[in-house]
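Participant: Add chain B to chain A, keeping to what the hints say.
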Amino acid sequence: MAAAGGGGGGGGRATTSGCGLKRRYAPHDQEEETMNQDQSSKEDWCGRLWNGMDLLKDVTENKHVLPTGLEGIDTLLGGGLRQGQLTEVTGPSSSGKTQVCLHSASHAAVKHMGVVMYLDTSNSFSPSRIATIIDGTNDLSDQRGFDLPHKERLKTMMRSIVCKSVFDIFGMFEVLHQLEVSLLNDKVKSGGRKICLLIVDSISSLLAPIIGGKYPQGTTLKPPSPPHRLYPGISRGRSMMISVAMILKKLAYKHNLSVLVTNHMVSAGNGAVKPALGESWKAVPHVRLVISREHGSNICTATVLKHTLLASGRTAKFVVPS
Amino acid sequence: MEHNRSPYPDAVTFQGPRMLGICSLTSSHRNTSLLVLVTSMTYLVAGFTAKKLLRSVVSQGLVKLNWGMLCLLMNTSAADLPTKYDLFFRIQLAINVQIPVEYGGLGGKAVYIDTEGSFMVERVYQIAEGCIRDILEHFPHSHEKSSSGQKQLQPEHFLADIYYFRICSYTEQIAVINYLEKFLGEHKDVRIVVIDNVTFHFRQDFEDLALRTRVLSGLSLKLMKIAKTYNLAVVLLNQVTTKFTEGSFQLTLALGDSWSHSCTNRLILYWNGNERYAHLDKSPSLPVASAPYAVTGKGIRDAVSSHHKRARVT
Chain A
1 MAAAGGGGGG GGRATTSGCG LKRRYAPHDQ EEETMNQDQS SKEDWCGRLW NGMDLLKDVT
61 ENKHVLPTGL EGIDTLLGGG LRQGQLTEVT GPSSSGKTQV CLHSASHAAV KHMGVVMYLD
121 TSNSFSPSRI ATIIDGTNDL SDQRGFDLPH KERLKTMMRS IVCKSVFDIF GMFEVLHQLE
181 VSLLNDKVKS GGRKICLLIV DSISSLLAPI IGGKYPQGTT LKPPSPPHRL YPGISRGRSM
241 MISVAMILKK LAYKHNLSVL VTNHMVSAGN GAVKPALGES WKAVPHVRLV ISREHGSNIC
301 TATVLKHTLL ASGRTAKFVV PS
Chain B
323 MEHNRSPYPD AVTFQGPRML GICSLTSSHR NTSLLVLVTS MTYLVAGFTA KKLLRSVVSQ
383 GLVKLNWGML CLLMNTSAAD LPTKYDLFFR IQLAINVQIP VEYGGLGGKA VYIDTEGSFM
443 VERVYQIAEG CIRDILEHFP HSHEKSSSGQ KQLQPEHFLA DIYYFRICSY TEQIAVINYL
503 EKFLGEHKDV RIVVIDNVTF HFRQDFEDLA LRTRVLSGLS LKLMKIAKTY NLAVVLLNQV
563 TTKFTEGSFQ LTLALGDSWS HSCTNRLILY WNGNERYAHL DKSPSLPVAS APYAVTGKGI
623 RDAVSSHHKR ARVT
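Protein chains in written order, with this note's numbering: chain A, 1 to 322; chain B, 323 to 636.
Keep in mind the hints are simulated off the structure, nothing from the lab.
All clues given are correct.
A short, non-exhaustive set of chain A residues, derived as facing chain B with CB atoms under 10 Å:
hint, residue
1, Ser94
2, Ser122
3, Ser204
4, Ser322
On the chain A side, residues computed to face chain B include the following (Cβ under 7 Å):
hint, residue
5, Ser126
6, His264
7, Met265
Okay, derived cross-link-like pairs now, EDC-like style, lysine to aspartate or glutamate, Cα gap no bigger than 16 Å in a straight line:
hint, chain 1, residue 1, chain 2, residue 2
8, B, Lys431, B, Glu478
9, B, Lys431, B, Glu508
10, A, Lys317, A, Asp74
11, A, Lys274, B, Asp579
12, B, Lys431, B, Asp511
13, B, Lys550, A, Asp168
14, A, Lys254, A, Asp58
15, B, Lys547, A, Asp168
16, A, Lys155, A, Asp135
Note that the structure is predicted; figures quoted are calculated from it, not measured.
Where is the CB? At the ideal position from N, CA and C, for every residue including glycine.
Next comes chain A alone, as it looks inside the complex (with noise of 0.2 Å):
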């Protein structure tokens, strides 16, 4: 643990416990440990063997699966957001993508599933919006709507989401930083829940003045601390890009989360379109969807670009309510 901190603290930011270089090469001394997923994350070595036996018994008790609160895109994954995964949402512009966040969002804070950590790129975190989606789920199941208590049950469930605005690679990192530390520290967050989504609306848009061109450096974004090469041999936005993704993988798996990221297109050529940030990142999300809007309408299409335990090329249809 103070090793961790230590580490974190030297060196650029880039090289903080994100990809735990140093955590590697710890001395593993205890490897017969207890399946208790809190005690092992608190320890610093390089992690328990595990059987086959156990990870089944692990993903059926401790990975359950978070509904985004929309039919189809449920339907599609399997359930909903699977904890311990990176999930991607990309689509055109003003596809629902942020919608999609959003509804996640609420859905976590109605059911009581715990914390919802929103990063947001782009403003575009709508709190009278979230209360709208609120409502439209709670009308449902309560009939008696009492309008007191009911504007202390949202008063509650908004409390469970917290926003942060990043609009910077670094800031990025430095959020996930101080998210790790203080998961690590068991500190839970707002009213005793532990986290159990975080949402990252639009990386691609952190990404974009980093990635790109024939020349290392990147332009207009000076760091803070002298730039270093993390993996020599790429260019400076790609290696962030993957950090980044590293360091959400991480907290997906230690802490049991689930990670949504939305991602934008770009133009492939012939006119067709490609999701954003190149051939390295499509690996890294274990579940990638695309979703597009028919113009002028409510109802979205989405489309199963990779998942791990589900075929991909199905296609649902889903309707953003309003």
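Facilitator: Same frame as chain A, now just chain B:
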């Protein structure tokens, strides 16, 4: 936090006489306090495309307007105030933001960054006069109560509160946006930043397309940060171009998908027959909708009667 039971949050509307047309597009019910909007903190970057129909180079009438200014420009509790939208949307915004607080406006200042040189001061003066006349018409008794408030209602004061920057190249544009943070730290009462044609200098003669994407996404992130930190609205303008897909030409936003991804809200201005329409294309909290509007001598108003409208110029 506060919320009301209306299906949509009260979003921005410009303060003005009656709230119809575009106002109803962007707000559902009245009486949302500024408090709700400020605490909800959704300051959005908008992209604009305002097509000046006076210019002959106007493309075929599909004007794409990206705009997102929810919050900040508050709505009053008095019902029925017409919207004020001018063809020169951005000018109208710069004027409207200065309506003093006692008349329901924001009493703020505006920053106008001009890349094309299309800011016509005479027209601004005209719009300011039109706005003042409408305010006085709507609040006929208020000026008796606050004489100091009425003194402020001069078009000269409105013009004095617009900070204007003229930039001539893309490096100057980047420099202005970098400087804007410091500027806004000193001038805390700026409530809106309008950037006329943010993509103008990036469209011609920019060889390295990857660099262009990087620079523009960096710019948009900086603007988002400014909007959030200083609690103001950022309105950008953009243009339409044609895109050749599937064997036909389609009008689409200039600079492509990556730029359109950066904005929070998008409002498209277009012609529909002989009427001008505004269409809200992208918004995190409002549904897709359209509303007609008209350009009059006083500025932008609702499209109520046909004889005020200018015929479409193609």
